[in-house]
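Number of protein chains: 2
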Amino acid sequence: MTSPAAVPRGGGREAITRAARESFAERGYHGTSIRDIAARAGLSLSALYHWHAGKQELLTALVEESTEEYFRRCDEALRDAGDDPAARLGALVRATIEYRVSRQVESTIAASEWRNLDPANRERLDALRAAASKLWADLVDEGVARGVFHCEHPDDARRAVVAACNAIAQWYEPDGGLGVPELVERYTAIAQRIVDCR
Amino acid sequence: MTSPAAVPRGGGREAITRAARESFAERGYHGTSIRDIAARAGLSLSALYHWHAGKQELLTALVEESTEEYFRRCDEALRDAGDDPAARLGALVRATIEYRVSRQVESTIAASEWRNLDPANRERLDALRAAASKLWADLVDEGVARGVFHCEHPDDARRAVVAACNAIAQWYEPDGGLGVPELVERYTAIAQRIVDCR
DNA sequence: GCGAACCTATCGATCGATCGTTCGGGGGTC
DNA sequence: GACCCCCGAACGATCGATCGATAGGTTCGC
Chain A
1 MTSPAAVPRG
11 GGREAITRAA
21 RESFAERGYH
31 GTSIRDIAAR
41 AGLSLSALYH
51 WHAGKQELLT
61 ALVEESTEEY
71 FRRCDEALRD
81 AGDDPAARLG
91 ALVRATIEYR
101 VSRQVESTIA
111 ASEWRNLDPA
121 NRERLDALRA
131 AASKLWADLV
141 DEGVARGVFH
151 CEHPDDARRA
161 VVAACNAIAQ
171 WYEPDGGLGV
181 PELVERYTAI
191 AQRIVDCR
Chain B
1 MTSPAAVPRG
11 GGREAITRAA
21 RESFAERGYH
31 GTSIRDIAAR
41 AGLSLSALYH
51 WHAGKQELLT
61 ALVEESTEEY
71 FRRCDEALRD
81 AGDDPAARLG
91 ALVRATIEYR
101 VSRQVESTIA
111 ASEWRNLDPA
121 NRERLDALRA
131 AASKLWADLV
141 DEGVARGVFH
151 CEHPDDARRA
161 VVAACNAIAQ
171 WYEPDGGLGV
181 PELVERYTAI
191 AQRIVDCR
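Heads up: the protein sequence lines correspond to chains A and B, in order. Quick note: our numbering has the first sequence finishing at residue 198, numbered continuously throughout. Quick note: our numbering has the second sequence finishing at residue 198, numbered continuously throughout.
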């Protein structure tokens, strides 16, 4: 049997981060042992603790980085989108899908392993989550207020749009022939119908 | 301190099943120990093993029962729905929402702990899952074929509708003043807009 | 009617394995 | 020799699972 990984000297930190990401994605936080992670990285347990504070920190770093990127993408997309509610809705749909696809693994971990964060970490990141949720809510509310969206229940429309976009990460295959721009176009159309944009 | 649970003699099986459901929901499969479950049920570890084969069986029974109920609900709803695609769509939305709300905890476990089923169990239940998914797909496809639905991408529309309905379990509060019939009405309208039913 | 035998539902104690984490050391490079 | 990167060995705790024992109930022979 050939040696499994052959980590280049000094590349330990990134190898462990990647191994943690893959392991958490496959078996979940509690289903993954740090020995799984170290073995997958081709390193020893001690190397893991040389680069990281422990298992919880590995998860927190993953989720934090991913969550911050999502909020940043949303923020930028809205800043460039101008004033039209339909355009702003499309921008948020695009930001969400691009995030969910380009960070397919991390975003899924962030969603499903949220409850396994230490309370302190979770609380801090909850603020970011709430802020991102508010971007959606304000957007839909304003579209309704300005008579562009005609849905009767903005909260439910918002939740439906977000759920539809988020679910993409569960089935999308990057090499499956369906490109991201096409995906964004389809889901923008769906989102516009959900909020009843006419 | 008063004794915690006082399980009536003979009520051990149900007490353990309920405790397992609550524990799995709160901390996930791997995050829950059988000692957690037994303690919550107010019984000993031995009592748990008297009534159940083990931890995996507790999860499997939970997921299996819940998945079968979902498929049964969908099947019945479609059987009573007649021929009109819009009515059939509403029936499936109603069945999904009623299932997701009445079995809020179990259905969430079934969705999130799926990967922790033994391969044999998962494979068997996958057939049921695929069958339920096919009910949705056939329904949307037929609506499009008959010119009732006008969405350009039936698969994406189907996934959006299902995702929106399923997400309800993540935020719905049974005592929150929003009744299930009203919920069904709102999401039927959303679903009809998603498939572009005119 | 009354023990003996048996069944049911539970218990405490314990098994080997694995968990997350820590520690002391050692090879490599400057 | 100082520093960086990594290792094997070991810690106590907890894991899922199994064991033999026992208190109460039912059945049965006589």
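Accuracy of the hints is not assured; some may be wrong.
Same chains, same names: a pair is fine if it fits in one copy or spans any two.
To be verified - Pairs of lysine to any residue residues, derived as SDA-like cross-links and limited to a Cα-Cα distance of at most 25 Å, are as follows:
no., residue 1, residue 2
1, Lys134, Glu173
2, Lys55, Gly42
3, Lys134, Leu43
4, Lys55, Pro181
5, Lys134, His52
Because the hints were derived from the structure by calculation, they are not lab data.
Hint check:
In this assembly of identical chains, the alpha carbons of Lys134 and Glu173 lie at most 25 Å apart only when taken from different copies (20 Å versus 29 Å within one copy). Proximity of Lys55 to Gly42 under the C-alpha cut-off of 25 Å is restricted to the intra-copy arrangement: shortest distance 17 Å within a copy versus 31 Å between copies. For the identical chains of this complex, Lys134 and Leu43 are neighbours neither inside a copy (42 Å) nor across copies (45 Å), given an alpha-carbon limit of 25 Å. With identical chains, the CA atoms of Lys55 and Pro181 are never at most 25 Å apart, being 37 Å at best within one copy and 45 Å at best between copies.
Proximity of Lys134 and His52 under a CA criterion of 25 Å is satisfied in neither setting, with 33 Å inside one chain copy and 46 Å between copies.
In this structure, the hints that do not hold are numbers 3, 4 and 5, in rising order.
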